[in-house]
Every structure is written in structure tokens, then in C-alpha cells.
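Student: If you read the protein sequences in the order shown, they are chains F and V.
Just so we're on the same page, the working numbering is the position in the first sequence counted from 1, plus 109.
Just so we're on the same page, the working numbering is the position in the second sequence counted from 1, plus 8.
Please note: incorrect hints may appear among the correct ones.
[Unchecked claim] Under the rule of at most 27 Å between Cα atoms (straight-line distance), these lysine-lysine pairs were calculated in the BS3-like manner: (1) V:295 / F:197; (2) V:295 / F:201; (3) F:196 / V:295; (4) F:314 / F:201; (5) V:295 / F:190.
[As the list claims (entries may be wrong)] Take a look, some chain V residues computed to stay more than 10 Å from chain F by CB distance: (6) 47; (7) 70; (8) 78; (9) 210; (10) 217; (11) 233; (12) 272.
[What the hints assert, rightly or not] Now the in silico label distances, taken between C-beta atoms and shown as ranges: (13) F:313 / V:96: 33 to 39 Å; (14) V:96 / F:206: 28 to 34 Å; (15) V:157 / F:157: 30 to 36 Å; (16) F:352 / V:88: 56 to 62 Å; (17) F:191 / V:157: 32 to 38 Å; (18) F:206 / V:69: 18 to 24 Å; (19) F:365 / V:62: 50 to 56 Å; (20) F:158 / V:144: 39 to 45 Å; (21) F:353 / V:76: 36 to 42 Å.
Derived by calculation from the structure, the hints in this document are not laboratory data.
Glycine is no exception: its CB is placed at the ideal position from the N, C-alpha and C atoms.
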Amino acid sequence: MRQMRWYAAVAVLAIGSVAGAETLRIEGSTTVGPIADAFADYFKTIQPGLEITVNKTGSGNGAAALIDGRCDIATMSRFMKTDEEFKKAVEKGVTPVAHMIGMDGICIVVHPSNPIKELKSDQVRDIYQGKIKSWKELGGPDTPIVAISRDTSSGTYEGFHEMVMKKQDMAPGIEQVNANPQMHARVSSTVGAIGYVGMGFVDAKVKAVRFDGVEPKRDTILNGTYPLSRPLFLFTNGYPKLGSTIHKFVTFHLTEKGQELVEAKGFVPITKY
Amino acid sequence: MTTHKDSFIALPAPAADRIYRPLALTPGEDLKGYILAKAGHAVLFAITCTSVLSVLLIFFFVIREAVPFVRDYSLAQFLTRSDWYPEAGAARFGALAVIVGSAYVTLAALVFAVPVGILAAVFLSDVVDFRVRAWVKPMIEILAAIPSVAYGFFAVRVLAPWMQTHWGFPTGTNALNSSIVLAVMAVPTIISVAEDSISALGPELREAAYSLGSTRMETTFKVVIPAAHSGIIAAVVLGMMRAIGETMVVWMASGNANQIPSPWWDLSQSIRTMTATVAGEMGETAKGSLHYGALFTVGVLLLIVTFTLNLVSEVLLARAKKALGKA
Numbered sequence: 110m111r112q113m114r115w116y117a118a119v120a121v122l123a124i125g126s127v128a129g130a131e132t133l134r135i136e137g138s139t140t141v142g143p144i145a146d147a148f149a150d151y152f153k154t155i156q157p158g159l160e161i162t163v164n165k166t167g168s169g170n171g172a173a174a175l176i177d178g179r180c181d182i183a184t185m186s187r188f189m190k191t192d193e194e195f196k197k198a199v200e201k202g203v204t205p206v207a208h209m210i211g212m213d214g215i216c217i218v219v220h221p222s223n224p225i226k227e228l229k230s231d232q233v234r235d236i237y238q239g240k241i242k243s244w245k246e247l248g249g250p251d252t253p254i255v256a257i258s259r260d261t262s263s264g265t266y267e268g269f270h271e272m273v274m275k276k277q278d279m280a281p282g283i284e285q286v287n288a289n290p291q292m293h294a295r296v297s298s299t300v301g302a303i304g305y306v307g308m309g310f311v312d313a314k315v316k317a318v319r320f321d322g323v324e325p326k327r328d329t330i331l332n333g334t335y336p337l338s339r340p341l342f343l344f345t346n347g348y349p350k351l352g353s354t355i356h357k358f359v360t361f362h363l364t365e366k367g368q369e370l371v372e373a374k375g376f377v378p379i380t381k382y
Numbered sequence: 009m010t011t012h013k014d015s016f017i018a019l020p021a022p023a024a025d026r027i028y029r030p031l032a033l034t035p036g037e038d039l040k041g042y043i044l045a046k047a048g049h050a051v052l053f054a055i056t057c058t059s060v061l062s063v064l065l066i067f068f069f070v071i072r073e074a075v076p077f078v079r080d081y082s083l084a085q086f087l088t089r090s091d092w093y094p095e096a097g098a099a100r101f102g103a104l105a106v107i108v109g110s111a112y113v114t115l116a117a118l119v120f121a122v123p124v125g126i127l128a129a130v131f132l133s134d135v136v137d138f139r140v141r142a143w144v145k146p147m148i149e150i151l152a153a154i155p156s157v158a159y160g161f162f163a164v165r166v167l168a169p170w171m172q173t174h175w176g177f178p179t180g181t182n183a184l185n186s187s188i189v190l191a192v193m194a195v196p197t198i199i200s201v202a203e204d205s206i207s208a209l210g211p212e213l214r215e216a217a218y219s220l221g222s223t224r225m226e227t228t229f230k231v232v233i234p235a236a237h238s239g240i241i242a243a244v245v246l247g248m249m250r251a252i253g254e255t256m257v258v259w260m261a262s263g264n265a266n267q268i269p270s271p272w273w274d275l276s277q278s279i280r281t282m283t284a285t286v287a288g289e290m291g292e293t294a295k296g297s298l299h300y301g302a303l304f305t306v307g308v309l310l311l312i313v314t315f316t317l318n319l320v321s322e323v324l325l326a327r328a329k330k331a332l333g334k335a
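This is chain F alone, in the form it adopts within the complex:
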């Protein structure tokens, strides 16, 4: 009798640990991070006992974590690189599947006191190559330009490097910060600063300029007229089992609540409703 009770206790514990300890590990982009956080918060309220961790370490780290099996979902603000990441994933038996959950525009931001309203892509490139050193050369005040970039493991950096720099090297004097919030803090507190952030990080404290004549807005980003618009991804290993928590998570952006959250974080939902 006593032994049976013991077995029952073990069984209850085992079932409890299976049901209660379901965890979802999410890692990657600091741009997509806020969306993943918002989704995670919502999932925790509708599915108590579910544990979700969201690490914001950069798209490259997300890809590496998915390949190494250290996360269930990789958040990425760029696609996986074919020659490095995809190849390595396949070699390790991981099949990366992309779920596009929204659109973002890389916004070129300056200090709100800066009178500059518009920049051309070659002007921005010249700034980051150290050829333009003062705002005076662009018709602004006589203050030195402090150009700030993201670190090289950022997906936003990759997008900027490809679409604005045309893969050319930046000047050595460019400052680097390791996350969107840091970029926001630096630009909002430095009069001569120029930087770039995901659309969700533009607010009253930093000013997004028109890029090649196009203002970063919801419709210009969605239809691709804004030159620096890009899709945001969740990557999973294979298509998740239908009905599983991972499946619900990566399709959540299609629901009304999901679209609302994407939009609340300052990004553009992909569905037009």
C-alpha cells in the first residue's frame, strides 16, 4: 500500500514535470526581440506553466544557436546566409525554415535638434566612410559628425552594410554599439550623432530622416518603396509540428492579436486587413 502511494507520487511528479516545464527558447536579433517578448508575454497568459526565454544577442547569434540546438526559435532581422549558416545547418542535420512575421525599415536617425531632413544614400555612405566629417558639408550646422554603427553580429548592421554601404568597408573611426536601445541612447544624447535603428526604435527623442526622398512609413516599407525595408523572420528547425507550441508561436503574427502586437512594437504587419 505504502509502496503504491510512492509510485503514485512519482507518476504525478513525472506528469507534472512534463506538462509544467515546457520551455521555449528564443534567441537572436535585438530588432525582432521586442516582438518576441510581446508574443511571449501573451503566450504566458494564455498558457500558464509555459516558460519562454527571449535572448537578444544579434541575428548571427540566433542562427548559431539554432544550428547548435541551443534554441527552438531564432529571431532574425535578415535571412540566413546561404554559404555559411545554411550550409552548416544542413551539415549538422538542422533544416532552417523561415517564418516571415513582419516588415521593418532601417531608419537613419539623427539628433532631434539637427535641421537635416533628408539624406541620399551616397551621402550616408560617405559619412560612414569618413569622407564627410561635418554637418556643414550637408547644409547643417558646423558640428562634427559622430557616426555610430552597430556591431558586426547585428542583422541591422548586415542590412545597412549591404543596402547602404554596398558592402564597402566603414572608416576605422566609426563608433560601435551592441544593441538598438544603446544606439537610441547614444543618438538621443549626442548632438552631432547619426545612427541607424529598426523602425520600432524611432520616437520623439531621435529623428528619422527621409532616405533617397522616401519617408520611412508603414506603406512605403510594406510596398518596398522605402529602400531600406526588410522582412523580419523567425527561424525554426524544420516546419514545427502542427498544433505544437512552437507552431502556434511562429503563426501567431497571422492572428488579429499578433498583428496588433507587431504594430504596437512599431513594425509593419505583413497582412493587409
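Following the hints, complete the assembly by docking chain V onto the known chain F.
Tutor: Leaving out everything else, chain V in the frame of chain F:
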């Protein structure tokens, strides 16, 4: 029982109601004690070895990962050029700028921290009332316990904007900012070690100096500080290690621009250090790639520097102890 009666040593009669422990041990007990002592010794030795072993393993693994890079990439270019473009089509790894950057912030931090640290140590050991010292020294040591990310946060959010508005620097995250914060972090170490070695000198030296007519100033600067010089230098070296190995603060406060300031004395420019480069780029590199190897080679350089500094401080502290023994 019989063994006790037969033994040569006179023993009190064993009482039936309590456990009796004889002075003369049976061979079994003797062996058991011997084994226990040896086993205890071995366990403690193994525990001590884990830390020694981990140091050796760190050396082994860091060097092992760096070897392919040193073999495949020119070490001369790594050490003499400062174009660090790991993401470019033809990746280049010139680490000179980050090596110089580390040297800059470390030396500048020492320029701020050493005078403050030594003077504070002298003040605490020779000048101030013992009751004040009992309060102040633990407070200073708390400074060493503040996590570095808190310092970094202060550097970015408070010090950087302050420098921009009050000193007119174009950018507040620069070499000066990180040096100042590193100095604040190194000061407690310097004060603590220097104060220990100064107060360990004992009253004899000071009394001898006073009896020869020296003032307190002369005693302090001409007798006490020279006598404690080994300990003070060791304190400085330990503070230097704290500064050169620090990662979070320089990653947040230095601006991370891969350049050597020009003109060379202009600390208001952004720089990047070895530690920040490794911390910032390690996550994205593919294991075994050239970039990965380059970061480990930077790590080996850092290890060599800190190892040398550590050795120097050990030798100096040992010398300080020996000199004290003679006196």
C-alpha cells in the same frame, strides 16, 4: 578487552557504561587513521588542483584555438596593421589599433588611479584616526564589489552626455570616459593592497625617523613610502590588471571605434580595446573560422600580458614580505 590489560601502559579500568578510547591503538585502528589521513589529504589536494588545472586548461584551449590562425595568417600583419575588417570579402585582421587601445585606457586609468590610490593609502595608514579608518576602508572595498555593468551604465548615461555638454567633446563615449571609469574601479584595489603593505611596516621605522627630527611629511615621503615600495608597486600592478582585463565598461564607454587616436594624446576620441573586441564579436563567429582564430589570438595576447603582470606582482609582494622579515 584483554589487549588493554596486557598493554604496558597503565590504563584506567574501562567503564562499562561509556565508550573508552585507549591511547595505544590496535593495528586496525592505526591503519584506519593512516588511511583516513592520507585520503583526506588526497581529497584536499584534488580540490586544490581543480583551480590549478583550470588555469592550465584555459591556457591550453585558448592557445590551441589560436594556433591555426597564427599558422594561416601573417602574425606580422596581425601585430603591425590596424585594419580590422572581419566581415569584408577579403577579411583583414590588423589588431594594432585594439592593442594600442587597451594600452591607452589602461595607462590613462593608472595616471588617474595611482596618485589617488597611494595618497589615500598613506592617509588611511599613517594620518587618520583609527576609528575613521575602520569605517572608511570597508566602504572603499565596497567600491570593488559594484558590478562592472553598473559602472558602464553610469559611463554611457551620465558621464558621456556630461562630457559632451560641459567639455564640448563631439562624442562622450571615448578613451577618456573609459579611463576615468576604469580608474574608479582600480582605486579600491590599489588602496587596499598599498595600505596593507604600508601599515605592515610597523612603528619602528617611523619612530626612528621621528627621533632623528623628521617631520611627519618627511617621514611619510622619505621613509615610509620608499620602504614599502615593493608592496606599492604590486598594488599598482594589481590595479593595472583590473583595468586591462575589464570588458563591460570599455565595451560600453569607449565607443569601440577601431582607430589609434591622432594626435596621439587626444583622449577625447573613441577607441576599442582587445577585451571589447573579443566580447563583441565572439558570438557571431563560426567555430574554426579565421575570424574565430583571430579573436583567440587576441585572447592569447591578453593572457600573456596579465600572466606577466601577475608574475611581477607576485615577485614584488614576496620581496616586500622578505624585506619586512629582515626589518
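Student: Holds or violated: 50 to 56 Å for the Cβ distance of residue 365 (chain F) and residue 62 (chain V)?
Tutor: holds (54 Å)
Student: With the threshold set at 27 Å, check whether the alpha-carbon distance from residue 196 (chain F) to residue 295 (chain V) stays at or below it.
Tutor: holds (14 Å)
Student: Do the Cβ positions of residue 191 (chain F) and residue 157 (chain V) conform to the proposed distance bound of 32 to 38 Å?
Tutor: Given a distance of about 36 Å, which is inside 32 to 38 Å, the answer is holds.
Student: Would you say the C-beta atoms of residue 352 (chain F) and residue 88 (chain V) sit inside 56 to 62 Å of each other?
Tutor: holds (60 Å)
Student: Beyond 10 Å from chain F, beta-carbon-wise, is residue 272 (chain V)?
Tutor: holds (15 Å)
Student: Residue 314 (chain F) and residue 201 (chain F) were given as a pair; does the straight-line alpha-carbon distance stay at or below 27 Å?
Tutor: violated (45 Å)
Student: Are residue 96 (chain V) and residue 206 (chain F) spaced within 28 to 34 Å by their CB atoms?
Tutor: holds (30 Å)
Student: Regarding the assertion that residue 47 (chain V) does not contact chain F, is the least Cβ-Cβ distance greater than 10 Å?
Tutor: holds (36 Å)
Student: Is residue 295 (chain V) within 27 Å of residue 201 (chain F), Cα to Cα?
Tutor: Holds, because 13 Å separates the two Cα atoms, which is no more than 27 Å.
Student: Verify that the Cβ of residue 78 (chain V) lies farther than 10 Å from every Cβ atom of chain F, and report whether the claim holds or is violated.
Tutor: Given a closest Cβ separation of 22 Å, the condition holds.
Student: Is the gap between the beta carbons of residue 157 (chain V) and residue 157 (chain F) within 30 to 36 Å?
Tutor: holds (32 Å)
Student: Do the beta carbons of residue 158 (chain F) and residue 144 (chain V) sit within 39 to 45 Å of each other?
Tutor: About 51 Å separates the Cβ atoms of residue 158 (chain F) and residue 144 (chain V), which means 39 to 45 Å is violated.
Violated hints, in rising order: 4, 18, 20; the structure is consistent with all others.
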